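Sequence lines, in order, name chains G and V.
The end of the first sequence is residue 232 by this note's numbering, with every number in the run present.
The end of the second sequence is residue 1232 by this note's numbering, with every number in the run present.
Everything labelled a hint here was simulated from the structure, so no lab data went into it.
Predicted model, so just to flag it, every value in this text is computed and none were measured.
Careful, some of the hints might be misleading.
Said to hold, decoys possible - Heads up, simulated DSS-like pairs for lysine-lysine below, C-alpha to C-alpha not over 30 Å straight-line:
| no. | chain 1 | residue 1 | chain 2 | residue 2 |
| --- | --- | --- | --- | --- |
| 1 | G | Lys-130 | V | Lys-1190 |
| 2 | G | Lys-45 | G | Lys-58 |
| 3 | V | Lys-1158 | V | Lys-1187 |
| 4 | V | Lys-1178 | G | Lys-130 |
| 5 | G | Lys-130 | V | Lys-1059 |
| 6 | V | Lys-1100 | G | Lys-130 |
| 7 | G | Lys-82 | G | Lys-158 |
| 8 | G | Lys-186 | V | Lys-1020 |
| 9 | V | Lys-1186 | G | Lys-130 |
| 10 | V | Lys-1044 | V | Lys-1020 |
| 11 | V | Lys-1186 | G | Lys-59 |
| 12 | V | Lys-1020 | G | Lys-45 |
| 13 | V | Lys-1045 | V | Lys-1072 |
| 14 | G | Lys-20 | V | Lys-1059 |
| 15 | G | Lys-75 | G | Lys-44 |
| 16 | G | Lys-45 | G | Lys-163 |
| 17 | G | Lys-190 | V | Lys-1082 |
| 18 | G | Lys-20 | V | Lys-1045 |
| 19 | V | Lys-1082 | V | Lys-1059 |
| 20 | V | Lys-1178 | V | Lys-1082 |
| 21 | G | Lys-178 | V | Lys-1130 |
| 22 | G | Lys-130 | V | Lys-1020 |
| 23 | V | Lys-1178 | V | Lys-1190 |
| 24 | V | Lys-1130 | G | Lys-100 |
| 25 | V | Lys-1100 | G | Lys-100 |
| 26 | V | Lys-1186 | V | Lys-1020 |
| 27 | G | Lys-169 | G | Lys-130 |
| 28 | G | Lys-20 | V | Lys-1020 |
| 29 | G | Lys-187 | V | Lys-1130 |
Below, each chain spelled out in residue letters.
2 protein chains.
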Amino acid sequence: MFHHIYYIYILIYNMPTQAKENYLKAIYLLSRESIDVSITELSKKMCVSKPTSNNMVKKMEERGWLLYEKYKPIKLTTKGEKLGALIVRKHRLTEMFLSKVMGFGWEEVHDIAEQVEHISSIVFFDRMDKILGFPTLDPHGSPIPNREGEVLKVNYLKLGSIKEGQKVKLRGLENSSKDLLLYLNKKRIKLGTVLLIRHIETFDNSFEVLLEDNSTIVLTFDVCQSLLVEEI
Amino acid sequence: MFHHIYYIYILIYNMPTQAKENYLKAIYLLSRESIDVSITELSKKMCVSKPTSNNMVKKMEERGWLLYEKYKPIKLTTKGEKLGALIVRKHRLTEMFLSKVMGFGWEEVHDIAEQVEHISSIVFFDRMDKILGFPTLDPHGSPIPNREGEVLKVNYLKLGSIKEGQKVKLRGLENSSKDLLLYLNKKRIKLGTVLLIRHIETFDNSFEVLLEDNSTIVLTFDVCQSLLVEEI
DNA sequence: CATATTTGTTAGTCTAATCTAACTTATTAT
DNA sequence: ATAATAAGTTAGATTAGACTAACAAATATG
């Protein structure tokens, strides 16, 4: 008689709250960067106390989204992995939509997407996807997981590992901090920009780079390590 | 020394949570319909118990959003009125965006907007507004409050109050329930549709209406009371 | 190896938002 | 005018998500 109510209860129980979605996303992204996700690591990423993340991890384990043993790294289950990927999918699709359809700059999209990603409507994101022509990369060159949570493996190199004289195209960013994005704007560098490494200064590892407009700019090694490129 | 922290605290304290935004919106909309908002009324609208809405109303009064005296109707303050209007603004701008830019049907937009309206980014909604060309009405003909929370007064008539022989144009809806919208879709009636009242059946008050394609449809009085029209 | 440091856990508190049960105060109807 | 009904309130409980203080366990370091 009350089977329906039972199933609805189970359904709601298994829906991540906004907070849990954020934890899930954090664990997912850290894992993807091959970082061991400890309770401490997670609490740092989420800006919460250790007991808070500890507690959250236990609740998420109960829901079958991850496995955790004291002092061992947190491991997402298949279910948790998929949930995490789908949140990242919503985030990156939104970023792409904000950029391509609504005309926002790549430095503006993250903060807005951070809120939009928690919208549950599936049709909403499917429509974005369709309007965008089913993109595979977001405005920062990061891959958009597909509807099954599967991610295209992209294999770009850090500019810092490229040799003098090489010509490369900017394909992605290792970190998409607003500061970096604004810096790149100022230097007129965007995805697809062609860079020729004219000289690497051995003293401080800074890169002298020639742009297509024949202007030369100098990038610190730190910045170079944030730029993912493809040799051309 | 800690003045900044104090101000940030005050700022956050004065930001409505998602729940409070929903209460504010409900009170705002009920007030606009000239309905006396009692604790009971509010609890019904919000689908919560009376103690819950009672409690919430007290908290909102503390924040200076409304005035309440036992057994008397809830009255929004200027601040509360504006906050409420701005949430409705976000909701209706979103509906318009979903309809005009993303191609959703007018029966689909409400549920999605219900979530999007809680996004705090101001630039996000301003951009929607700009892309839409600063619309004043949503896809159901309801007015979109401006950035100051001011609302254009629209003065449409209920179809039910129109006399036989009159020709009218559909301008808005008294209630935008999904059922009504789907029904109107089926009858091929949308905003702007011209209706000629051919005959009013005295027996059940049903309206025999001629459409521009020369087809005749019969609308119950209830449906007629939900249709806001302009005489032409 | 012993100690210091880092990591994780426990216990207890807090706020927001919800509930139920039981009660009080108005209003309405007979 | 009084009893019945509706409206509002109080008290106490719950859950999610956060905190601090204090302690325990593992790892790292001198």
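Can you give the numbers of the hints that this structure goes against, from lowest to highest? Numbers 5, 8, 11, 16, 17, 22, 26, in rising order.
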